[in-house]
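Asks: Taken in sequence, the protein lines are chains A and B.
Numbering of the first sequence is given in the UniProt record's numbering, commencing with residue 1 and proceeding in unit increments.
Numbering of the second sequence is given in the UniProt record's numbering, commencing with residue 1 and proceeding in unit increments.
Just so you know, the hints here were simulated from the structure itself, not pulled from any lab data.
As the structure is a computational prediction, the values presented were derived from the model and not from experiment.
We treat Cβ as the ideally placed atom computed from N, Cα and C, and that holds for glycine.
Do not rely on the hints blindly, as some may be mistaken.
[Unchecked claim] DEER-style ranges, computed between Cβ atoms:
hint	chain 1	residue 1	chain 2	residue 2	range
1	A	305	B	131	45 to 53 Å
2	A	209	B	170	54 to 62 Å
3	A	307	B	110	48 to 56 Å
4	B	4	A	137	34 to 42 Å
5	A	307	B	118	52 to 60 Å
[To be verified] Pairs of lysine-lysine residues, derived as DSS-like cross-links and limited to a Cα-Cα distance of at most 25 Å, are as follows:
hint	chain 1	residue 1	chain 2	residue 2
6	A	311	B	112
7	A	330	B	64
8	A	314	B	63
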Amino acid sequence: MNNTETTKKAQEETQKTERISGSEAIIRCLIAEGVDILYGYPGGAIMPVYDELYKYKDRIHHVLTRHEQGAAHAAQGFARISGRVGVAMATSGPGATNLITGIADAQIDSTPMVCITGQVFSHLLGSDAFQETDIVGISTPVTKWNHQVTKASEIPEVLAKAFYIAKSGRPGPVLIDITKDAQVAELDFKYEKCTGVRSYIPIPKINIDAVKAAAELINAAKKPMIVWGQGVILGKAEEELKAVIEKAGIPSAWTILGASAIPTSHPLNVGMVGMHGNYAPNKLTNECDVLIAIGMRFDDRVTGDLKTYAKQAKVIHFDIDPAEIDKNVKTDVAVLGNSKESLGLLLEELNENTHTEWLQEFKELYAIEFEKVIKNDLSPTKEGLTMGEVLKQINIETKGNAAIVSDVGQHQMIACRYSEFNKTKSNITSGGLGTMGFALPAAIGAKMAAPDREVVAIIGDGGYQMNIQELGTIFQQKVPVKIVVLNNEFLGMVRQWQQLFFDKRYASTEMTNPDFVTIAKGYYIEAKKVTKREELADAVKEMIASKNSYFLEVCVEKEDNVFPMVPAGASVSDIRLS
Amino acid sequence: MNQEIKTLTISIYTENNIGLLNRISAIFQRRHINIESLTTSQSEIEGVNRFVIVVNITEDQAKKIMGQFEKQIEVIRAYYHTDEETIYTESCMFKIKSSLLFEEPQIQNIIKDSGTRIVTVNKEFFVLEKSGRRNEIESLRRDLNVFGIMQFVRSGRISVTKEEMKITEMLSAFNNQ
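Chain B with its partners taken away, still in its complex shape:
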């Protein structure tokens, strides 16, 4: 039995239909599982969506809820992976007063050292964007916080697996049924 709580990335491949988010979130809700982050987008296959959901649960719990996901009519396949099994990243944006860029030269060093990209600059504010792991983004936020942040936003995790997921093969099997 694997009862240790781990950070797991759940990938759910679904048909691109209205209402699936409801069905999927209800499965977490009924089991009192808190969603750390959730991203949904088109997948590598046309017409197939992919949910990437990060949760802190045991592998035993994960196995059981995979069954519940796959039971949904429009879910094609659900997988879960540990951090070691995936390559993952998050994205974030900071909106900061433009005056600080000139008054606080340290900010320019932070931008350079962290590999952060300037998205736009105007008279009032400038916008920074960075992709990376959660700790890198958090560290950048701490560094910038001392100067004042007008707005901050972070995306959910996006993730690909190191191992092949064979979803395309599965789909062609479905199609040939």
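The shape of chain A in the complex, shown without the other chains:
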């Protein structure tokens, strides 16, 4: 066949229609979108789809989590490390509502995810039928888009649109609710990928004048500073960012979700900004003359008090989402567009520069932070184990190549502060929503998406117990994740606030914990507990060397605090070291 014939045949193939059920159409749509793994939990209103999945099990691997929240977080972990769309599926009513926390988390952290929920028969809608909830209404504020399908014939178009919306522009979660009658009914199936939606511009066009204006400000700056966020990773702009930083010699800091886009060891990487970020970038935010924000949204955890945030600086904001411009911080120059493209254009306009004296200011403040905080965290002399030294051992054993999946709390801040990241997409954590219970299921998704990478989940004793049931999923699926629980027998971050701001009234933050090792072993997962410093290095070594999933509990100092700290609502330059 010549080329024309081949094209014609391909066209005919896609135009060909087949009479199949709505359920089969759902599976076929997923396959057409390249989905080979999905996370979920069956139930009455989604059973026809599960029945079809049984038929297609050689094409799509379904992971039965132990709770729908676990399915949502696993899909997030999958999406965050792979950059692909994570898929979660659940039944109607409680199945659907259990997904909501994961969906809200994905929304605020811009994670591409498609959730499919079953729904009662369409003639029962609105009748308070068994396991009926208005999941479209419930999920509206926390989805990028959602839709209810009541006719089988709508399935291909709606699912194509769902995947397009979830992954394009600023990514986000989409929920598609499908009534049982639509799953059962037949349709003439053909699938065409969605390539655009009227009224939706995923990537705004870059204004070259804005890029030039930004470059002019940066070229003239004496004390420029970059704060990058996850937009760099989502836009696959790591190389461009590095080139910009190096060409213009700009000290560059990152938000929690921006972590790992540039290696930790890069000489111009000056650390994390925000509430528990590094001393220098927080302090010097209020001294820089040009602040260049790239793919970040000026979250209040980053800015502290807006009235005193970088008031002396000209602010340049690169973002894909026009609604982020001037939302929290008024900008002088806004560059809309995809970070890869806009940073590429910026690079051409920038002069080569070094800011040695300015960088020296960061180094001096780092030395202060090292002396007062980091040294004690990483090489403590007191008896109790610190969270920091556990991270240090993990860095040593993984050589900074692991993907660190952290939960929420003190250990999360320690993990982000002290993990060495050599590779991008290595920091998977719940940033915006701060969801305890995130890490264990997210680590499952991450490891399944990137089986060649070492995935280490760092979890507190509180968050671990919020989704501890997913050990069952780990065992059943044989996912070789490494789980480290840093146990201080407290809800540590809340306890820290109680100590500092509530007169040490530890209201409901102390935890009496079970024997975690026995629980892990009950799920047939190899497990060890470390209580003494001299046991730590060997235990971490053994864990990383293991080819299987491995649980390591480290009993750490009960009342350690995370510093530096910008107290809530304070100025970033009022950052405390103790």
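Since chain A is already given, all that's left is putting chain B on it; use the hints.
Replies: This is chain B only, laid out in the frame that chain A set:
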């Protein structure tokens, strides 16, 4: 910075899909903005709906929420305008006992002077309809209230802008993407 609270008319052009009202109202709700009135109808373009929403907020607030509206997948474009920039009107209906029409001749004068239209008259009641600005409708209501009103209803504001909104051009740009 424009921090003065003003009465602003927000026009949101959307796809004609279920659930958008929820998304739009949630944006107001999250920011604690009270909706003074809301009208939704088909717009001048087939298949495109238009929400007309009146709120009392600052222009700075308005600018920020326009971004939030436009971020919604099915919102085509959102605008806000001050009263000076728009031509606007509201509509209302009064249901009044028929006997009053004959017992209170003053009512007939009110109807005539205010340019109010009689929609229907039967043995029990008659219905008046008037379109106009809020103050005109309020004044009519005050005048009629003394005689007794069986039912009163007022619509949300409908509004067109003095300046062109170029929505049709935008749509053709979308279509040609």
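Asks: Take the hints in turn and mark each one as holding or not.
Replies: Hints versus structure:
With their beta carbons about 49 Å apart, residue 305 of chain A and residue 131 of chain B fall inside the hinted range of 45 to 53 Å. Residue 209 of chain A and residue 170 of chain B have their C-beta atoms about 22 Å apart, which leaves the hinted 54 to 62 Å range violated. The beta-carbon spacing between residue 307 of chain A and residue 110 of chain B, approximately 54 Å, falls within the hinted interval of 48 to 56 Å. At about 36 Å, the beta-carbon gap between residue 4 of chain B and residue 137 of chain A stays in the expected band of 34 to 42 Å.
The given range of 52 to 60 Å is respected by residue 307 of chain A and residue 118 of chain B, whose C-beta atoms sit roughly 59 Å from each other. Of the supplied pair hints, the one linking residue 311 of chain A and residue 112 of chain B is violated, its CA atoms being roughly 61 Å apart against a limit of 25 Å. For the proposed pair residue 330 of chain A and residue 64 of chain B, the alpha carbon gap of about 11 Å is at most 25 Å, so the pair holds. Between residue 314 of chain A and residue 63 of chain B the alpha-carbon distance is near 21 Å, which keeps this suggested pair within the 25 Å criterion.
Hint violations for this structure: numbers 2 and 6, all remaining hints satisfied.
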